[in-house]
Amino acid sequence: MSGSTIKVIIGPQHPALKEPERFILETEGEYVVDVKVRIGYIHRGIEKAMENRTYLQGLYLSERVCGICSDAHTTCYVQGVEELLGVEPPPRSRFIRVVVAELERIHSHLLWLGIAAHEIGFDTLFMYVWRDREIVMDLLEIVSGNRVHYATNTIGGVRRDLNDEKIHKILKGLKTLEDRAKEYLKMIQKEQTVLKRTVNVGILSKSDAIKYGAVGPTVRASGVKRDVRADDPYAAYDEIPFNVIVEDGCDCLARIMVRSREVLESIHIIREALKRMPGGEIRVRVKPRIPPAEALSRVEAPRGELLYYIRSNGTDKPERCKIRTPTLANIPSLCKMLVGGYIADVPIVLAGIDPCFACMDRVLVIDREKREAKVWTLDMLRRYGREWYRKR
Amino acid sequence: MVSEALSFILQLLIFPGFLFIICLAFFSEWVLRKFVARIQNRMGPTYTGSGGILQPFADFIKLLGKEDIVPAFAERTYFTLTPLLCLTLPLTALFILPMTGHRALISFEGDLIFLAFIFTTLTIMVFLGGFLSGSVFSMVGGVRAATQLLGYEIPFLLALFGPAIPASSLSISKISTWQAQNNAWGLWTQPIGFGVLVICLLAELELLPFDIPEAETEIVAGWNVEFTGRRLALVRLGRDVELVLASTILADLYLGGPQQVWIIPPIIIFLAKMFACLLLIGYLKTLFARFRIDQVLSGMWKYVIPAAMIQFIILKLIW
Numbered sequence: 001m002s003g004s005t006i007k008v009i010i011g012p013q014h015p016a017l018k019e020p021e022r023f024i025l026e027t028e029g030e031y032v033v034d035v036k037v038r039i040g041y042i043h044r045g046i047e048k049a050m051e052n053r054t055y056l057q058g059l060y061l062s063e064r065v066c067g068i069c070s071d072a073h074t075t076c077y078v079q080g081v082e083e084l085l086g087v088e089p090p091p092r093s094r095f096i097r098v099v100v101a102e103l104e105r106i107h108s109h110l111l112w113l114g115i116a117a118h119e120i121g122f123d124t125l126f127m128y129v130w131r132d133r134e135i136v137m138d139l140l141e142i143v144s145g146n147r148v149h150y151a152t153n154t155i156g157g158v159r160r161d162l163n164d165e166k167i168h169k170i171l172k173g174l175k176t177l178e179d180r181a182k183e184y185l186k187m188i189q190k191e192q193t194v195l196k197r198t199v200n201v202g203i204l205s206k207s208d209a210i211k212y213g214a215v216g217p218t219v220r221a222s223g224v225k226r227d228v229r230a231d232d233p234y235a236a237y238d239e240i241p242f243n244v245i246v247e248d249g250c251d252c253l254a255r256i257m258v259r260s261r262e263v264l265e266s267i268h269i270i271r272e273a274l275k276r277m278p279g280g281e282i283r284v285r286v287k288p289r290i291p292p293a294e295a296l297s298r299v300e301a302p303r304g305e306l307l308y309y310i311r312s313n314g315t316d317k318p319e320r321c322k323i324r325t326p327t328l329a330n331i332p333s334l335c336k337m338l339v340g341g342y343i344a345d346v347p348i349v350l351a352g353i354d355p356c357f358a359c360m361d362r363v364l365v366i367d368r369e370k371r372e373a374k375v376w377t378l379d380m381l382r383r384y385g386r387e388w389y390r391k392r
Numbered sequence: 001m002v003s004e005a006l007s008f009i010l011q012l013l014i015f016p017g018f019l020f021i022i023c024l025a026f027f028s029e030w031v032l033r034k035f036v037a038r039i040q041n042r043m044g045p046t047y048t049g050s051g052g053i054l055q056p057f058a059d060f061i062k063l064l065g066k067e068d069i070v071p072a073f074a075e076r077t078y079f080t081l082t083p084l085l086c087l088t089l090p091l092t093a094l095f096i097l098p099m100t101g102h103r104a105l106i107s108f109e110g111d112l113i114f115l116a117f118i119f120t121t122l123t124i125m126v127f128l129g130g131f132l133s134g135s136v137f138s139m140v141g142g143v144r145a146a147t148q149l150l151g152y153e154i155p156f157l158l159a160l161f162g163p164a165i166p167a168s169s170l171s172i173s174k175i176s177t178w179q180a181q182n183n184a185w186g187l188w189t190q191p192i193g194f195g196v197l198v199i200c201l202l203a204e205l206e207l208l209p210f211d212i213p214e215a216e217t218e219i220v221a222g223w224n225v226e227f228t229g230r231r232l233a234l235v236r237l238g239r240d241v242e243l244v245l246a247s248t249i250l251a252d253l254y255l256g257g258p259q260q261v262w263i264i265p266p267i268i269i270f271l272a273k274m275f276a277c278l279l280l281i282g283y284l285k286t287l288f289a290r291f292r293i294d295q296v297l298s299g300m301w302k303y304v305i306p307a308a309m310i311q312f313i314i315l316k317l318i319w
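From first to last, the protein sequence lines are chains H and Y. Reminder that position 14 of the first sequence reads as 14 in our numbering, one-by-one numbering, no gaps. Reminder that position 24 of the second sequence reads as 24 in our numbering, one-by-one numbering, no gaps.
Simulated from the structure, these hints should not be mistaken for laboratory data. Hints may contain errors.
Claimed, not checked - Among chain H residues calculated to face chain Y with C-beta under 8 Å, some are: (1) P12; (2) D123; (3) T193; (4) V194; (5) C335; (6) G340; (7) Y342.
For each residue, glycine too, the CB sits at the ideal point set by N, CA and C.
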């Protein structure tokens with residue numbers, strides 16, 4: 001059988017992928033020998049749209065980059081803009097940002113745990129985890145008034161304060177969540193069928209993880225202690241003691257373990273943040289016009305390092321806003337993980353990096369003859385889109 | 001003579017024949033769905049009928065009305081034959097299993113072998129139907145179904161023929177009658193065999209942790225990915241009948257089948273046993289994650305086949 005490979009195409013439409021992206025697997029028998037990835041199926045022109053909006057409007061747009069880690073995106077954006085302005089948000093608002101960010105991390109990790117269980121066919125765990133995810137969704141609703149787009153952050157602080165009643169409710173909800181998370185952690189380590197499907201599956205060695213620049217839980221599951229919250233503290237993370245969760249397994253089980261243990265760590269962080277939260281203002285007023293400068297902002301989103309680059313030109317609109325989401329950073333390591341594995345393991349390995357393709361996709365139009373990248377304005381894009389659909 | 005023939009035809013068509021079995025199949029699907037949903041902290045079907053009891057039937061009717069598509073690359077004969085046989089084979093098998101009394105509707109010496117034959121044919125039809133549907137996913141699913149057969153067939157047959165030894169008969173009716181009369185249920189006399197049979201039936205029915213041939217997240221719907229409309233309706237009804245068949249086999253061969261207890265008629269006792277087996281299958285289905293195909297094969301050959309053989313040796317030593 002050597003020499004003859006068969007192409008198995010996963011995507012753009014496939015039940016293992018919640019969003020369209022194409023993976024072309026070269027397979028020999030049941031083994032994957034090579035992977036080609038084609039990304040870019042669902043770019044939404046969001047960076048371009050930001051250039052046509054004011055900074056405050058851009059905030060709401062950045063929230064809509066991702067439906068799961070929406071708070072991470074606004075935090076990152078707001079930090080960048082605050083850096084451009086030279087404004088420091090008040091201490092209390094920084095603590096509130098931590099609380100919402102960690103609640104969101106719990107919600108994202110529980111959601112992922114459910115999906116991972118579904119990928120290996122363990123629907124019972126999926127249902128249980130998603131039931132308990134409702135607790136944290138309710139807490140987020142108590143804090144912000146919304147379940148998905150929290151709209152907590154604003155340039156110069158946060159929009160809503162926490163009172164004693166809300167804090168009491170959060171602490172109560174966290175207690176239940178902690179018990180459940182501990183139970184799942186114990187169950188995952190014991191359940192034989194889960195272990196069979198995840199141990200030694202999708203190996204990403206420590207050196208490879210560093211070489212391919214993996215981020216977030218993916219890199220931490222390969223034994224690398226890399227976390228923006230600890231390495232480059234933002235919000236109030238420098239005032240809260242916490243552990244960076246690291247696992248040495250380098251496989252899918254390690255990725256499950258890292259995320260499950262991070263849920264517990266996040267609960268700890270929220271408790272500490274609520275305990276240490278100072279009083280005072282929650283926001284400062286800022287000018288709408290921003291002097292020419294550039295800023296780079298980093299945040300540890302649930303999926304890993306999120307990066308915003310913003311350049312201002314003295315008007316009330318940014319000249320350029322570049323978003324690099326963690327999924328894009330993890331794609332090279334994903335290719336490494338898939339090679340050498342079974343076809344049957346592809347879904348769980350794919351899910352292992354917690355992909356969020358819609359947040360990741362960008363488009364760059366390259367003129368092949370002139371060998372240069374074309375810069376399009378939003379109007380040009382619109383016109384092109386209309387033309388394209390008319391021709392069909 | 002005429003009245004005898006008429007009664008046989010009525011039995012065949014209505015009770016305990018086609019109509020009864022089909023109703024039982026729909027009801028079993030509802031029971032399983034509701035049971036699994038409750039275990040998983042969900043509601044299960046609620047809308048159609050009281051407690052959603054008509055949901056499987058509504059699904060069936062809905063599918064009948066859908067567009068019927070034959071893919072261009074599919075082998076038309078097998079593509080049509082597979083759904084039909086998926087339904088008729090388990091239905092036929094249910095006629096030789098006793099449900100209402102000591103004797104099944106059709107009973108002859110050696111019908112146990114016929115049952116084994118039907119199960120193997122069913123898997124081979126699944127393989128052919130999947131392989132000739134002309135889709136990559138169904139092809140992989142079909143191959144996986146056939147590969148899985150290599151794993152579970154031997155222990156399945158060993159566990160199936162285990163109860164025949166103490167009863168010294170190859171007729172299912174005689175085996176269940178013997179067990180009921182001597183009060184020696186297979187479950188007590190050969191518990192390992194019961195466990196092996198349950199595992200193999202889970203694999204045969206393609207339920208978790210052995211739903212590899214139709215693993216949703218891996219190969220979409222596996223071997224039945226290309227079936228639509230009427231064909232899919234038949235395939236799904238066939239799966240329900242298979243579910244009834246599996247629980248009936250367990251009830252007849254290992255739990256003594258239909259027997260008269262005090263004034264309760266045999267059919268009630270039989271249904272109680274059958275649904276107990278159904279719930280057991282449903283409970284096991286919720287407990288596990290899906291195995292990989294190579295793990296199933298090695299697991300079957302390493303643990304299940306030796307277990308079935310040990311049970312056979314123990315049986316031989318006792319009887």
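inquiry  = Quick check on T193(H) please, does its C-beta sit within 8 Å of some C-beta on chain Y?
reply    = Cβ of T193(H) sits 4 Å from chain Y, so the hint holds.
ask   = Per the CB criterion, is Y342(H) less than 8 Å away from chain Y?
value = Constraint on Y342(H) satisfied, holds at 6 Å.
ask   = Would the hint on G340(H) stand, with a C-beta cut-off of 8 Å toward chain Y?
value = 15 Å, violated
key: Restraint check, 8 Å cut-off on beta carbons, for V194(H) near chain Y   = Status holds, d = 5 Å.
inquiry  = Given a cut of 8 Å on the nearest C-beta pair, is the interface hint for C335(H) held or broken against chain Y?
reply    = 19 Å, violated
ask   = Taking 8 Å as the limit, does the beta-carbon of D123(H) come near enough to a beta-carbon in chain Y?
value = 7 Å, holds
key: Proposed interface contact between P12(H) and chain Y, which counts if any beta carbon pair is under 8 Å   = 14 Å, violated
In terms of the numbered hints stated before, the structure departs from hints 1, 5 and 6, listed from lowest to highest.
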